[in-house]
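Top line first, the protein sequences correspond to chains A and B. Numbering-wise, the numbering used here puts 325 at position 325 of the first sequence, and it's gapless, one number per residue. Numbering-wise, the numbering used here puts 271 at position 271 of the second sequence, and it's gapless, one number per residue.
Hints may contain errors.
Copies of the same chain look alike in the list, so a pair counts if it fits in one copy or across any two.
As the list claims (entries may be wrong) - Using 25 Å as the maximum straight-line C-alpha spacing, the simulated BS3-like pairs for lysine-lysine come out as follows:
(1) Lys82 <-> Lys347
(2) Lys347 <-> Lys289
(3) Lys287 <-> Lys82
(4) Lys351 <-> Lys247
(5) Lys125 <-> Lys252
(6) Lys364 <-> Lys397
(7) Lys347 <-> Lys86
Rather than coming from a laboratory, the hints here were simulated on the basis of the structure. Source: prediction; values computed, not measured.
Here's the letter readout for the chains.
2 protein chains.
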Amino acid sequence: MNIITGNVVSPKGFKACGNAIGLKKSKKDMAIIVSDVPCNAAGCFTTNVVKAAPVQWDMKTVGNKIKGVVVNSGNANACTGKQGLKDTEDTAEKLASLTGVSAENILVCSTGVIGVNLPMDIILKGIDDTFALLGDSADKGDMAAEAIMTTDTYAKKAAVEIEVGGKTVTIGGMAKGSGMINPNMATMLCFITTDCAISKEMLNKALKSCVEDTFNMISVDGDMSTNDTVLCLANGMAGNAEIDGEKEDFEKFKEALFYITKKLAMSCADDGEGATKLIEAKVTGAKNKENARKMALSVVSSSLLKAAIFGEDANWGRVLCAMGYSGAEFDPMAVTIVFRSENGDIKLMDKGTPVVFDEDLAAKILSAHNIYIDMILEEGDGEAVAWGCDLTYDYVKINGDYRS
Amino acid sequence: MNIITGNVVSPKGFKACGNAIGLKKSKKDMAIIVSDVPCNAAGCFTTNVVKAAPVQWDMKTVGNKIKGVVVNSGNANACTGKQGLKDTEDTAEKLASLTGVSAENILVCSTGVIGVNLPMDIILKGIDDTFALLGDSADKGDMAAEAIMTTDTYAKKAAVEIEVGGKTVTIGGMAKGSGMINPNMATMLCFITTDCAISKEMLNKALKSCVEDTFNMISVDGDMSTNDTVLCLANGMAGNAEIDGEKEDFEKFKEALFYITKKLAMSCADDGEGATKLIEAKVTGAKNKENARKMALSVVSSSLLKAAIFGEDANWGRVLCAMGYSGAEFDPMAVTIVFRSENGDIKLMDKGTPVVFDEDLAAKILSAHNIYIDMILEEGDGEAVAWGCDLTYDYVKINGDYRS
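Isolated chain A (complex conformation) (with noise of 0.2 Å):
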């Protein structure tokens, strides 16, 4: 696997670009996504049971042979009744008679505020405007990954190349966070693509196994979006021998999409609304990886916890407590604790029993970016990671009047 500087343009075929419609004030807030050729393509949509209009339309299109994908920002098109179905369609049907395909095989996707109808008469001219600027140059991918940003203080783009039957497949992806995000999944919003040739049904299963243990392993507070949607689109333009069952290329190709998939993911937790640090939560030793899943996000998702890394604070008790309300089963006094970080690690707790720590090199541990927080049971072989931020004052302000 070979780890590129790219994007969503990178594969052969995929065309791209973000552009400022005026949604928002001054920034991007369209874009879109276009292949050659028609795509295989696959889905991981929202579990919230209020779910937007473009998430009620992706998750019927999807199976379709998709053309293109229309992004837009500033408003998330969620809670805007029949409305806001009736502007959905209309928005894919656009982008549908520039493209030559009819409306289902394009997919659609909003972020912003919620409970607001779009303003279609700006969408659908944005769209003509957008389309004009498409192109397959590394410059319009990034545009394209700026343009899907709400809260985001950066643009998150991963991309690598593998070698599949002699061929060289590229996976190209962008993807926003950076609030409401939690398991199952964030207002994420993840853009996939790659010239592999691969079968609808494989590429589905690759996203799904590849999701479930990144982006469904991150949370910045707890609330699960009404929009959350990671999307993959397949061209099949490297032209190796399609993919269609579990063999050796189907095992290269999901460990490069893992790769794709855990880079957002972790851009995302990381960019976390108000975040100062990235957390990383491990779980190993426990009765069965669904335990394991359950203490790792449980971890994670305490704003008391979150809190107290962001004072750079080893309140430790706040990790078994975490743990203990997650509905896993366990053996609290089987639990060792550790903090790590490029600065060193500290044993806090040593199988149920508190360990007289020093402080000072505590407070160094904390003091770096990236804190590794590793839970060892002694349950069974269970194992996961989850990722997530710290709570911080800017939370707040940025949440307090997202509106405005």
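Fit chain B to the supplied structure of chain A, relying on the hints for placement.
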């Protein structure tokens, strides 16, 4: 029911006091309650897998006749290994020796920092000193209520009188919040005393029912403590015929107990760490009570909504969003959402359709201290009310460095 100014010493035969024994720098940190005669007792405890030593002790002891309770703040005696269990037992033993009973007749509660063993020399001397101060005057009960506070900004007390079988029965209570408060239950300690004669079974039944709809319906930050405890002691000194079945007297007693638990629970939410507003979320017309409970709790637990209320921003989409990920089933297209306060009310979503609303009126409504959010569904007759508070800069500040 006659609401009176009072506390845990209001019922006949209870003495209490609070005292600064040196666990905290200068504030009161120990409270003792003793009854003249042994009490029937009932308790509700945290469902966290990690239970602090005193919780483990109380769970096995609460079924005995109870003479008194020792409470310390400043140290939770949680995650303290086997030493913690021994320290709790020694604490009980000490008050037992002073009151002429055995350790099994004494309940113990602790609240404060997790993971540090109790300084037992200070605790044991503190019990001697505090015991010497016990009394049944109102100021003694007030001092006890102060002594159990951690980050609380005010002491929480309540008392009522009712008539049972021609006798005046009094119920008094005190509680402490105020962070790490979440269903099942808060880092929340609550002590209720009554001179009512009531069987252990009926006391238990009444307490569980009241806690279910009050303390288990508040949330400050979604963290569930290792120490949460509600205890109720009934010494029978009012002289009424013992309540031993679900007759009229029982309902009267339960109604009065409900008032006490509701008032104390709401105070805990209102005094949530850093809170500037109390949020009451009410669901009506849900499929059933369980669904209504889930939705109401999800809304008061949403960091995004809590930050919006702090910012006085009528971001009602976050209400629908939190209902959507609550785990409850409902039709989003049939939901009506109303925000209310003493300054008026405003409908923001009408049966699934967003309402264009007057932002000035919304701002005026949200400028009040008590904010009421009504969610009206059309699925059935399930109802529930939950209480929470806003998320503020001060929450982050308080929890960023709690230990120092």
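Worksheet entry | Violated hints - listed by number, lowest first | Violated: hints 4 and 5.
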